[in-house]
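Participant: According to our numbering, the sequence shown is numbered sequentially starting from 64.
Check before you lean on any hint, since a few could be wrong.
[As the list claims (entries may be wrong)] So the derived label-pair ranges between C-beta atoms look like this: (1) Asp347 - Ala375: 21 to 31 Å; (2) Gly106 - His286: 20 to 30 Å; (3) Asn269 - Ser358: 37 to 47 Å.
[What the hints assert, rightly or not] Here are the simulated EDC-like pairs of lysine to aspartate or glutamate, each with C-alpha atoms no more than 16 Å apart in a straight line: (4) Lys335 - Asp309; (5) Lys335 - Asp250; (6) Lys111 - Glu88.
It should be emphasised that the hints constitute simulated quantities derived from the structure, not laboratory data. Backbone N, C-alpha and C fix where the C-beta goes; we use that ideal spot for every residue, glycine too.
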Amino acid sequence: MTRSAQDIPDALLVEAADWHLRLQEAPDDAALRVAFEAWRAAGPSHAKAARLAERAWSLPVLAASRAPRRRPNKVGRKAAAAAAMALAASFLFAIMVPALGMRWAADHLTAVGEMQSLALSDGSAITLGADSALAVDFSDARRHVRLLQGQAYFEVASNPGRPFVVRAGEVDVTVTGTAFDVTLAADVVSVAVAEGQVSVQALGRNQDLRPGQRLMINVATDHAAVTAVAPENVAAWRDGWLYVADASLDQVVAALGRHHAGMIVLRGDALKGRRVTGAYDLRDARRALRAIAASHGVTLREISPYLIVLTAS
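Construct the entire structure; sequences and hints are all you get.
Facilitator: Here it is, written out as structure tokens:
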């Protein structure tokens with residue numbers, strides 16, 4: 064992948080994956096091809112994402128896997144399944160590469176499904192969630208941490224003269240001594256408080272939060288809302304559980320995706336906004352996705368161990 068691909072938003076890369084999956088399923092659908100060409104022509108980033116997907120689909124191992132087969136025998140079916148797995152894995156690798164530069168800037172990072180406990184020099188503690196990255200900038204005068212990706216729970220040692228600041232995207236969280244959770248997923252930042260008080264600066268406004276409050280900020284839509292959350296559930300993910308109440312499906316999938324070693328594709332904007340309530344075991348993200356699909360009118364297709372596609376039923 065070229066460095067220019069790093070400028071492509073993750074959302075467009077996922078859309079490109081979805082388009083190429085549909086084209087693979089229906090190669091003779093003229094209307095689908097016209098719709099794809101219109102999507103690709105929507106802007107330079109769309110075209111870049113499409114080219115990236117095409118390159119992933121044309122890797123030698125995938126090109127070989129698409130060679131005509133004379134007989135649909137058992138061996139052929141196994142080869143087709145292996146090719147599907149290779150295709151999904153190759154495209155997953157292709158869309159993950161742009162994030163590598165960001166992760167190289169991190170002082171601490173975790174893999175999918177992994178957590179890490181960090182002890183800072185001021186006595187504060189951080190639990191870094193799965194598939195997450197952060198950078199620490201401490202000096203005698205400042206305590207700054209930047210969450211680059213994912214989720215972290217902060218237990219901050221009190222020091223009124225030296226505020227502790229967490230930056231996540233375009234959001235700043237300032238505290239002097241408290242316990243709180245911050246999640247960064249694309250354009251959405253979530254801040255939830257378990258103990259003490261935090262001050263959040265976002266969208267040109269300040270918002271103070273107390274225990275049992277969660278602030279959801281969508282930088283792309285310039286929208287922010289405060290909701291209630293049980294303090295004991297603020298960082299339940301540390302115990303392997305995800306508790307959600309009236310959360311959007313795309314937010315839930317993002318959380319589960321940090322515990323799933325593969326790609327999860329949501330088809331359709333209406334599906335992304337579908338509301339989800341429940342408790343899900345993060346130690347088995349695939350089972351959690353099946354439970355969501357069964358109870359929320361969603362069709363789940365497991366294309367391979369590396370690719371799950373969710374569509375409206």
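Participant: Between Asp347 and Ala375, does the beta-carbon spacing fit 21 to 31 Å?
Facilitator: Since the Cβ atoms of Asp347 and Ala375 sit about 24 Å apart, the hinted range of 21 to 31 Å holds.
Participant: So if I understand the rule, the pair passes when the alpha-carbon distance is 16 Å or less; does Lys111 with Glu88 pass?
Facilitator: 22 Å, violated
Participant: Okay, Asn269 versus Ser358 on CB: inside 37 to 47 Å?
Facilitator: Once the Cβ atoms are compared, 38 Å apart, the range 37 to 47 Å for Ser358 and Asn269 holds.
Participant: Given the hinted pair Lys335 and Asp250, is their alpha-carbon gap at most 16 Å?
Facilitator: Cα-Cα ~14 Å, so holds.
Participant: Is the hinted pair Lys335 and Asp309 satisfied, with a Cα-Cα distance of at most 16 Å?
Facilitator: 13 Å, holds
Participant: State, for the Cβ atoms of Gly106 and His286, whether the hinted interval 20 to 30 Å holds or is violated.
Facilitator: 23 Å, holds
The structure is inconsistent with hint 6 alone, although it conforms to all the rest.
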